[in-house]
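Chain order of the listed sequences is X and V. Per the numbering used here: the first sequence = residues 74 to 370. Per the numbering used here: the second sequence = residues 74 to 370.
Among these hints, one or two may not hold up.
Unchecked claim - Far from chain V, some chain X residues (derived; all Cβ distances over 12 angstroms):
hint	residue
1	His126
2	Asp153
3	Lys202
4	Thr232
5	Gly255
6	Thr334
Stated by the list, open to error - DEER-style ranges, computed between Cβ atoms:
hint	chain 1	residue 1	chain 2	residue 2	range
7	X	Glu280	V	Arg223	14 to 24 angstroms
8	X	Ile129	V	Glu339	31 to 41 angstroms
9	V	Ser327	X	Glu293	48 to 58 angstroms
10	V	Asn154	X	Asn346	53 to 63 angstroms
11	X	Asn322	V	Glu325	50 to 60 angstroms
12	X	Gly366	V	Asn346	34 to 44 angstroms
13	X	Glu235	V	Gln145	46 to 56 angstroms
14	X	Lys163	V	Ser305	52 to 62 angstroms
15	V	Arg223	X	Glu235	45 to 55 angstroms
16	X	Asn322	V	Ser305	50 to 60 angstroms
17	V	Asn346	X	Glu325	19 to 29 angstroms
18	X	Ile182	V	Asn346	16 to 26 angstroms
Unchecked claim - Computed list of lysine-lysine pairs in DSBU-like fashion (alpha-carbon distance at most 30 angstroms, straight line):
hint	chain 1	residue 1	chain 2	residue 2
19	X	Lys284	X	Lys117
20	X	Lys347	V	Lys335
21	X	Lys284	V	Lys307
22	X	Lys284	V	Lys239
23	X	Lys80	V	Lys284
24	V	Lys284	X	Lys202
25	X	Lys131	X	Lys115
26	V	Lys335	X	Lys368
27	X	Lys343	X	Lys326
28	V	Lys343	X	Lys343
29	V	Lys284	X	Lys307
30	X	Lys284	V	Lys161
31	X	Lys326	V	Lys347
32	V	Lys284	V	Lys347
33	V	Lys221	X	Lys335
34	V	Lys276	X	Lys284
35	V	Lys276	X	Lys335
36	V	Lys276	X	Lys221
37	X	Lys239	V	Lys276
38	V	Lys284	X	Lys315
39	V	Lys368	X	Lys239
40	V	Lys158	V	Lys202
Hints were generated in silico from the structure; no laboratory data involved. Ideal Cβ positions, reconstructed from N, Cα and C, are used throughout, including at glycine.
So you can see what is in the structure, the chains are spelled out below.
There are 2 protein chains.
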Amino acid sequence: MSKSGDKNILLVGLGSMGFGIGKSLLRNGFNVYGEDKNLSQKEKFIGEGGENHTVIYKNINAVIIVVLNEMQTKDILFGDNGIAKNLKKKTLVMVCTTVSPQFAEEMSISCSNYDLLYIDAPISGGSIKSAEGNLTYMISGSSEAIKKARPILDVTSETVFEFGDKIGSGSAMKSINQMLAGIHIAAMAEAITFGISQGIDAKRFLEVISKCAGTSWMLENRAPNIINSDYSPKSSINIWPKDLGIVLNIAEKSGFSAPLTKIALEQFLKASNKGLGNEDDSAVAKVYAQGAGIKLP
Amino acid sequence: MSKSGDKNILLVGLGSMGFGIGKSLLRNGFNVYGEDKNLSQKEKFIGEGGENHTVIYKNINAVIIVVLNEMQTKDILFGDNGIAKNLKKKTLVMVCTTVSPQFAEEMSISCSNYDLLYIDAPISGGSIKSAEGNLTYMISGSSEAIKKARPILDVTSETVFEFGDKIGSGSAMKSINQMLAGIHIAAMAEAITFGISQGIDAKRFLEVISKCAGTSWMLENRAPNIINSDYSPKSSINIWPKDLGIVLNIAEKSGFSAPLTKIALEQFLKASNKGLGNEDDSAVAKVYAQGAGIKLP
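The shape of chain X in the complex, shown without the other chains (with noise of 0.2 angstroms):
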């Protein structure tokens, strides 16, 4: 594929989502400024075939943001050093940070005023699925703007689920598809933890749920973690006070009561004190292992 000026793009955050968005973009012909403050991620990520010289911002096409949270999104664009002033008119912002529906409009609004256009573009999936290209998108955003991000999801997707131009709708979706990952993942841990206070292995824990009717994605996804006692963070612990937080909050405004989300949070929380908050979330487990005085694998 040609690398034509509509093909720059600059994307902000190098974790293990963005990076795969990067690679997928890389793929497929595009040109990809990508920015961490970690710069080591910048680096591996020039070495996979990124853009090596300064960001000239009226050469880009679409900003991508896959960042930790609501503030540095934020700074980023609107910042001290924040990029929406330096970007030409109609530039894409293309937003997969986790937030809520309401800074999702908040940040559209403000884009405005610089006439950008703003899409808002949760995804899940897991860095495996970043990096081939196979995410799944919960987009909503004016048809201009999807239109400007179809070529961007089309190399990084394999499912997008669109919900409408009410810019807030896709981070809606992606708080419920949070709160049941959140919830997912801590009772991972309370049952291979429990399972192992029964005597059975986290080796058979995982074999035999796997074919039951308790397993769930999150499940497979992450008790192999455990039993690997790989605790490198392909999602860390620090995300869920994060997220399981955006959707207590949206759940307060609306009176409604999310007793289960609250535990996970709590459990997040515990393992985030515990000085875990770098480690995988599979960590979380460590709680609850040492609680009951258990020895993880």
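Knowing the structure of chain X, use the given hints to seat chain V on it.
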């Protein structure tokens, strides 16, 4: 297949799981006497080809028990009209009811007093897999008992996990599965109602989440009941206070804290207290919906 004497089976409990086991046995040439306290289920089973004359216990080769709880199981075997005393020596007693490991051990000892062969054989998979002969078993028992159970297991299961000869190990594994299954049903209810509160309809919820990391076996199996407003019991609310009670009872004895399980149990108890005990367990969504003033489909 010939209907020889060693194919005579007494099946007690013709609920959604037991009925399916019975049908799979009938398809494969077994003579099956079906019993249920609900006489219409018994008649329905005779309509499927079940034996319609009185059981002659000395001709029975195996008894399969698939009832609601420990009390019913014990009553069938050792109550005032208990059958253990009528069975010939070396008859197989296969208990598929969800019970605690301790109860399984107790029953096994009582059965051995009559020289009966006990097998701890809890199941997973739901009513559809049961009817197809594709259940998952988690079994423990002596090699003699397992050998005798093999022809039954062969025609009713997709997968048989063996946990050795320590009676109760199969039930320990089952309790871990139920822990997850119960949490996942309640989590699905929490999330689908939260979605409705955010303007995401139930059908769209299932369509999207089943493609995302938030999915679970239970979510995909139970959410359709809510979408179709079909609360006829495939698996009833009443099962959960019992099964999660078993889990928490085992956990407590081991000094294991299971906070998500406790909350899930509370939600099923609330449903039961609302008079929903005999509805499908997906009706736990009504607890959330009433609490938040949300209308289910």
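Here's how the hints hold up against the structure:
Chain V leaves X:His126 outside its interface by the beta-carbon criterion, the shortest separation being 36 angstroms against a cut-off of 12 angstroms. With a cut of 12 angstroms on Cβ distances, X:Asp153 stays outside the contact zone with chain V, its closest approach being about 34 angstroms. Residue placement check: X:Lys202 does not keep its beta carbon more than 12 angstroms from all beta carbons of chain V (closest about 9 angstroms). Taking the minimum C-beta to C-beta distance to chain V, about 5 angstroms, the non-interface status of X:Thr232 is violated against the 12 angstroms cut.
Not every beta carbon of chain V lies more than 12 angstroms from that of X:Gly255, the smallest distance being close to 9 angstroms; the non-interface claim is violated. The claim that X:Thr334 lies off the interface is violated: its Cβ sits roughly 7 angstroms from the closest Cβ of chain V, which falls inside the 12 angstroms cut-off. For the pair X:Glu280 and V:Arg223, the beta carbons lie near 21 angstroms from each other, so the given range of 14 to 24 angstroms is met. A hinted range of 31 to 41 angstroms is violated for the C-beta pair X:Ile129 and V:Glu339, which are about 58 angstroms apart.
Our hint of 48 to 58 angstroms for V:Ser327 and X:Glu293 is violated, since their Cβ atoms are close to 26 angstroms apart. A beta carbon spacing of about 57 angstroms between V:Asn154 and X:Asn346 agrees with the range 53 to 63 angstroms that was offered as a hint. For X:Asn322 paired with V:Glu325, a C-beta distance near 34 angstroms fails the hint of 50 to 60 angstroms. In this structure, X:Gly366 and V:Asn346 meet the distance hint of 34 to 44 angstroms, their C-beta atoms being roughly 35 angstroms apart.
Between X:Glu235 and V:Gln145 the beta carbon distance is about 51 angstroms. The supplied range of 46 to 56 angstroms therefore holds. About 54 angstroms separates the C-beta atoms of X:Lys163 and V:Ser305, a value consistent with the hinted range of 52 to 62 angstroms. Our hint of 45 to 55 angstroms for V:Arg223 and X:Glu235 holds, since their Cβ atoms are close to 52 angstroms apart. Against the hinted window of 50 to 60 angstroms, the Cβ-Cβ separation of X:Asn322 and V:Ser305 comes to about 37 angstroms, which falls outside the hint.
For V:Asn346 and X:Glu325, the Cβ-Cβ distance of about 25 angstroms falls inside the hinted range of 19 to 29 angstroms, so the restraint holds. Between X:Ile182 and V:Asn346 the CB atoms are about 46 angstroms apart, so this pair departs from the stated range of 16 to 26 angstroms. Among the hinted pairs, X:Lys284 with X:Lys117 is inconsistent with the structure: their alpha-carbon atoms are about 38 angstroms apart, more than 30 angstroms. Annotation: proposed proximity of X:Lys347 to V:Lys335 holds, straight-line Cα distance about 23 angstroms (limit 30 angstroms).
Restraint check for X:Lys284 and V:Lys307: satisfied, since their Cα atoms lie roughly 20 angstroms apart, inside the 30 angstroms limit. Proposed proximity of X:Lys284 and V:Lys239 is supported: the alpha carbons are some 22 angstroms apart, at most 30 angstroms. Restraint check: the Cα-Cα separation between X:Lys80 and V:Lys284 comes to about 29 angstroms, which is no more than 30 angstroms; the hinted pair holds. For the hint linking V:Lys284 to X:Lys202, the alpha-carbon distance of about 12 angstroms falls within 30 angstroms, and the restraint holds.
Taken as a hint, the X:Lys131 and X:Lys115 pair is honoured in the structure, with Cα atoms around 21 angstroms apart against an allowance of 30 angstroms. Distance hint between V:Lys335 and X:Lys368 is fulfilled; the C-alpha atoms sit about 23 angstroms from each other, no more than 30 angstroms. For the hint linking X:Lys343 to X:Lys326, the alpha-carbon distance of about 25 angstroms falls within 30 angstroms, and the restraint holds. Distance hint between V:Lys343 and X:Lys343 is fulfilled; the C-alpha atoms sit about 28 angstroms from each other, no more than 30 angstroms.
Of the pairs offered as hints, the one joining V:Lys284 and X:Lys307 holds, with about 20 angstroms between alpha carbons and a cut-off of 30 angstroms not exceeded. For the suggested pair X:Lys284 and V:Lys161, the alpha carbons sit about 36 angstroms apart, so the restraint of at most 30 angstroms is broken. Between X:Lys326 and V:Lys347 the CA atoms are separated by roughly 26 angstroms; this keeps the pair inside 30 angstroms, and the hint holds. Note on V:Lys284 and V:Lys347: the hinted pairing is violated, with a Cα-Cα distance of about 33 angstroms set against a maximum of 30 angstroms.
Distance restraint check for V:Lys221 and X:Lys335: the Cα-Cα separation of roughly 48 angstroms exceeds the 30 angstroms cut-off, and the hinted pair is therefore not satisfied. Distance hint between V:Lys276 and X:Lys284 is fulfilled; the C-alpha atoms sit about 26 angstroms from each other, no more than 30 angstroms. Straight-line distance between C-alpha atoms of V:Lys276 and X:Lys335 comes to about 25 angstroms, which keeps the hinted pair within the 30 angstroms bound. Taking the CA atoms of V:Lys276 and X:Lys221, the gap is about 29 angstroms. The hint holds against a cut of 30 angstroms.
About 19 angstroms separates the Cα atoms of X:Lys239 and V:Lys276, which keeps this hinted pair within 30 angstroms; it holds. For the hint linking V:Lys284 to X:Lys315, the alpha-carbon distance of about 23 angstroms falls within 30 angstroms, and the restraint holds. A distance of roughly 23 angstroms separates the Cα atoms of V:Lys368 and X:Lys239; the hinted pair therefore holds under the 30 angstroms criterion. Distance check on the hinted pair: V:Lys158 and V:Lys202 sit about 33 angstroms apart at the alpha-carbon level, beyond 30 angstroms; violated.
Hints 3, 4, 5, 6, 8, 9, 11, 16, 18, 19, 30, 32, 33 and 40 from the list above are not met by this structure, while the remaining hints are.
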